[in-house]
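K.L.:
Sequence:
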Amino acid sequence: MTESLPLRTARGAHRAGPVPGDDDTRQPSDAGSALLEQDQREANRFRRTVLVGRIAVAVVVLGAWQLASGRLVSEFFVSSPSEIVGRLVQLVGTGQLWPHLTQTLIEVGAGLLIGVPLGVALGVALGMSALLSGWLLPYVMALYSLPRVALAPLFIVWFGIGLLSKITMVVTMVLFVIFYNVYQGVRNIDQDLFDVARSFRANRWQTVRWIMLPSLVPWLVTALRLSIGIALIGAVIAELIAASSGLGYYIKLSSNLLDVTGVFAGLAVITAVAIVLDQALGYVERRVMRHHPEKQH
Numbered sequence: 000m001t002e003s004l005p006l007r008t009a010r011g012a013h014r015a016g017p018v019p020g021d022d023d024t025r026q027p028s029d030a031g032s033a034l035l036e037q038d039q040r041e042a043n044r045f046r047r048t049v050l051v052g053r054i055a056v057a058v059v060v061l062g063a064w065q066l067a068s069g070r071l072v073s074e075f076f077v078s079s080p081s082e083i084v085g086r087l088v089q090l091v092g093t094g095q096l097w098p099h100l101t102q103t104l105i106e107v108g109a110g111l112l113i114g115v116p117l118g119v120a121l122g123v124a125l126g127m128s129a130l131l132s133g134w135l136l137p138y139v140m141a142l143y144s145l146p147r148v149a150l151a152p153l154f155i156v157w158f159g160i161g162l163l164s165k166i167t168m169v170v171t172m173v174l175f176v177i178f179y180n181v182y183q184g185v186r187n188i189d190q191d192l193f194d195v196a197r198s199f200r201a202n203r204w205q206t207v208r209w210i211m212l213p214s215l216v217p218w219l220v221t222a223l224r225l226s227i228g229i230a231l232i233g234a235v236i237a238e239l240i241a242a243s244s245g246l247g248y249y250i251k252l253s254s255n256l257l258d259v260t261g262v263f264a265g266l267a268v269i270t271a272v273a274i275v276l277d278q279a280l281g282y283v284e285r286r287v288m289r290h291h292p293e294k295q296h
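For the sequence shown, the positions run 0 to 296 when numbering that gives the first Met the number 0 is used.
There could be a bad hint or two in this list.
Unchecked claim - The calculated label-pair distances, taken between Cβ atoms and stated as ranges, are: (1) Glu36 - Leu66: 43 to 49 Å; (2) Ala57 - Thr221: 21 to 27 Å; (3) Trp64 - Gln190: 51 to 57 Å; (4) Pro137 - Leu104: 34 to 40 Å; (5) Leu50 - Ser73: 31 to 37 Å; (6) Asn43 - Val91: 21 to 27 Å; (7) Leu66 - Leu117: 47 to 53 Å.
Honestly, the hints are just simulated from the structure, not real lab data.
Remember, it's a predicted structure, so these values are computed and weren't measured experimentally.
Virtual Cβ for every residue (Gly too), placed ideally from N, Cα, C.
All chains, full assembly: derive it from the sequences and hints.
P.N.:
This is the structure in structure tokens:
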């Protein structure tokens, strides 16, 4: 029995699909490409605007500071940008800056390497167990409320004026920031994900590996960015109290000598280190969050 011509024609059209040269199939793709190019141009324009704005703010602030220094305010109290830049050039040229900078960076790096894993482990443990959280969370909060500036002399007594007391100070500053962000991140994970994991008989490690850690990426990145500045603060505080090197030691030495330019030079180096580390972590964040589900939505 032969098929009718309209039926055979309809089936053939279904098998053949759209004609490659048809304008209807080409227009959506072209429109999508145009939208992507427009979004990219707008993103580039926004980045350029932000960069120009940052430079303009720095120029205005430093220019006003330079003009006010020595005219409205004595340089004995606030120095001037030109004097500070000259001191930094001198410190770099004579090599005096590098031992202090290296010492502070070692303290910050070691404190982060120790404090971040401890904070993550503590946050995950208390976030996953309501019973453990009920036992320990009030005491963690009590320890967090203790001023680390008051604890710094104790660390000096316990661990001496060497590297260990400075690292301990940084760890105590970083630990609680990481812990609270991770703990809050665990508590905010969708409970349905855990139910699905249990339905597939996933063990605890598999639940942590495939559900918890990916969900904690935004919280952990935010905590890390906060921890950079806090780690620098902890290292400098410990160096201000008792140290023989480091940026905090250099600031304290300059202060004792009434060298305001030296104090501002040390502060400028600390600020530059914080900006560089924050921008580096921001770059890592953009690369990681680009493929994160929450970022895509």
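K.L.:
Could you tell me whether the CB distance from Pro137 to Leu104 stays inside 34 to 40 Å?
P.N.:
With a Cβ separation near 36 Å, Pro137 and Leu104 satisfy 34 to 40 Å, so the hint holds.
K.L.:
Using the C-beta atoms of Asn43 and Val91, is the stated range 21 to 27 Å upheld?
P.N.:
34 Å, violated
K.L.:
May I ask you to test the hint 47 to 53 Å on the CB atoms belonging to Leu66 and Leu117?
P.N.:
Since Leu66 and Leu117 have Cβ atoms about 48 Å apart, the given range 47 to 53 Å holds.
K.L.:
Given the hint of 31 to 37 Å, check if Leu50 and Ser73 actually sit that far apart at their C-beta atoms.
P.N.:
Taking Cβ atoms as reference, Leu50 and Ser73 lie about 35 Å apart, which means the hint holds.
K.L.:
Could you check the hint for me, namely that Ala57 and Thr221 are 21 to 27 Å apart, CB to CB?
P.N.:
25 Å, holds
K.L.:
Taking the Cβ atom of Trp64 and the Cβ atom of Gln190, is their distance within the range 51 to 57 Å?
P.N.:
53 Å, holds
K.L.:
If I claimed the Cβ atoms of Glu36 and Leu66 lie 43 to 49 Å apart, would that claim hold in this structure?
P.N.:
Because 44 Å falls inside the window, the suggested range holds.
In this structure, the one hint that does not hold is number 6.
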